[in-house]
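Those protein sequences? They're chains A and B, same order as listed.
Using the working numbering, the first residue of the first sequence is number 466, and each one after it goes up by one.
Using the working numbering, the first residue of the second sequence is number 306, and each one after it goes up by one.
Note that these hints are calculated values from the structure, not bench results.
Treat the hints with care, since some could be wrong.
Some chain A residues well away from chain B (every beta-carbon gap over 10 Å; in silico) [stated by the list, open to error]:
1) Ser-499
2) Glu-516
3) Gly-621
In silico DSS-like links for lysine-lysine, alpha-carbon gap of 30 Å or less [unchecked claim]:
4) Lys-446(B) to Lys-686(A)
5) Lys-552(A) to Lys-689(A)
6) Lys-575(B) to Lys-686(A)
Glycine is no exception: its CB is placed at the ideal position from the N, C-alpha and C atoms.
Residue strings, one per chain:
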Amino acid sequence: MKILVPVKRVIDFNVKVRVKSDGTGVDLANVKMSVNPFDEIAVEEAVRLKEGGKATEVVVVSIGPAKAEEQLRTAMAIGADRGILVKTDAPTDLGGVEPLAVAKMLKALVEKEKPDLVIMGKQSIDDDSNQTGQMLAALLGWPQGTFASKLNIESGSLKVTREIDGGLETLSLKTPAVITTDLRLNEPRYAKLPDIMKAKKKPMETIEPSALGVDIAPRLKIVKVAEPAKRKGGIKVKTVDELIDKLKNEAKVL
Amino acid sequence: MAILVLAEHDNKTLKPATLNVIGAAKKLGGEIHVLVAGAACGAVADAAAKCEGVAKVLKADNSPLEHQLAEDIAPLLHEQGKNYSHILAPATTHGKNVLPRAAALLDVQQISDVIAIHDAETFERPVYAGNAIATVKSSDKIKVMTVRPTNFDAVKNSGGSGVVNEINTATPNTLSSFAGQELSKSERPELTAAKIVISGGRGVGSKENFAIIEKLADKLGAAVGASRAAVDAGYVPNDYQVGQTGKIVAPDLYIAIGISGAIQHLAGMKDSKIIVAINKDGEAPIFGIADYGLVGDLFQIIPELESKI
Chain A
466 MKILVPVKRV IDFNVKVRVK SDGTGVDLAN VKMSVNPFDE IAVEEAVRLK
516 EGGKATEVVV VSIGPAKAEE QLRTAMAIGA DRGILVKTDA PTDLGGVEPL
566 AVAKMLKALV EKEKPDLVIM GKQSIDDDSN QTGQMLAALL GWPQGTFASK
616 LNIESGSLKV TREIDGGLET LSLKTPAVIT TDLRLNEPRY AKLPDIMKAK
666 KKPMETIEPS ALGVDIAPRL KIVKVAEPAK RKGGIKVKTV DELIDKLKNE
716 AKVL
Chain B
306 MAILVLAEHD NKTLKPATLN VIGAAKKLGG EIHVLVAGAA CGAVADAAAK
356 CEGVAKVLKA DNSPLEHQLA EDIAPLLHEQ GKNYSHILAP ATTHGKNVLP
406 RAAALLDVQQ ISDVIAIHDA ETFERPVYAG NAIATVKSSD KIKVMTVRPT
456 NFDAVKNSGG SGVVNEINTA TPNTLSSFAG QELSKSERPE LTAAKIVISG
506 GRGVGSKENF AIIEKLADKL GAAVGASRAA VDAGYVPNDY QVGQTGKIVA
556 PDLYIAIGIS GAIQHLAGMK DSKIIVAINK DGEAPIFGIA DYGLVGDLFQ
606 IIPELESKI
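Extracted from the complex, chain A is given alone in its bound form (with noise of 0.2 Å):
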């Protein structure tokens, strides 16, 4: 079983997010960059079915600046097999590559790398859309387990544990299919200073957005990224007694 794993450049998740004053996006100007978190997640998940026998090669593919080598490197420390990068200068945060477009991208990589599963984080944390693996199950006409929090491969079928409102849900997939991660499917390893050193010798392969013949043109236009209205803070009060007091005569919620 061959498994695709796409990964996104993101802001480091413990970074401070900074408005741009000209109100046009976040500012990513010499700001930590990392693997977005829940695309760790599905690295982790592939290169342990590979090492449980189950899958035989993992492949990570990003699409982003040249600088998401980076994050192809580390996504291969963990134990992906090779990488390919979509390059493109686009932003991939917001008003430039969007969701659908990168389906429609990834949907071109699946049919020339014809793997069985493509394991994908729920959302990346910079535009929280939570789209992609659900437009690219749907582009392909493949089913989709998406909020994962178990994965069990049975011969030619999946059973999908999915984190849902009212508690779990478990399905099952006919493969091919799609999986996007939640945060309990795993915890990603560190990469060891070895892995870190071989992956660096890695197959990497390069290639052009043009080159996988899809239209990725936004349709949304980003007319203005603004702060959120700021919450003020109260006060502390000294006691439980002062505390009902406060909730039942002054904010009247109780």
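Chain B: place on chain A using the hints.
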């Protein structure tokens, strides 16, 4: 042009989030239709028809639709949705699962998590875990969007006089099937619809200790939530999680207990009307957004609060 709203339901009752989405649809202007897809879901269709502002209900009632799998509902939305100006669903796990699949079939770039409507093609949505708000204008012919229920007023669930039209459904999909579920059973109100939410974090310390949070919640008729840290530590199930990737809540009163206030958690509750923080660390970021903060040992404070409230 008319607006199509995907109903959220469990074949028996119409979920309150649907009323908020109909409220959002009213802001767009145009006749409002509701799609109820499920099995033996006639009562839901009738309830949707009674909602304020609903002109028509499209009822797809067929046993293979019982679990409302994306592989069945998305083609239905694709087929029915072509003649609408907007297709809306609540930004619940169901809406998030189904709607992008339908959007791709329609060749539309979906707009996720809409929190404000400027006009029929311009919307606000949070990005970067709510640290920035993007105003976007769509050039697609059909606008497909998930809507954050807490940001729109619910319409009344009575007074409407919509007609119910049965629609034919396509053959069931052969790609996916339902294999089971484990739903949290609770007498408490639903997290996203509760007037009071009490959440615990890592500071609560264990699964057993969570009982004091639940006891307080039951006294107040509140829902119980949790931070990601508490869910990851196994204190409570995943569906308790409030935050960027969990549930978004905006109750009248939110009490955060033993929660430090990571950005990802704040993204899920900062629109609450009144926020109370109880934490032993007086420097915890949660105090920066709380209306009332109380620094101290939660194991003393919570039982005292519970007995006096």
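A quick look at each hint next to the structure:
Under the 10 Å C-beta cut-off, the non-interface status given to Ser-499(A) relative to chain B holds; the minimum distance is some 14 Å. The beta carbon of Glu-516(A) is kept farther than 10 Å from every beta carbon of chain B, the shortest such distance being approximately 23 Å. Annotated as non-interface, Gly-621(A) keeps its C-beta farther than 10 Å from every C-beta of chain B; the closest such distance is 13 Å. For the suggested pair Lys-446(B) and Lys-686(A), the alpha carbons sit about 14 Å apart, so the restraint of at most 30 Å is met.
The hinted pair formed by Lys-552(A) and Lys-689(A) meets the criterion: a straight-line CA distance of about 26 Å does not exceed 30 Å. Between Lys-575(B) and Lys-686(A) the CA atoms are separated by roughly 27 Å; this keeps the pair inside 30 Å, and the hint holds.
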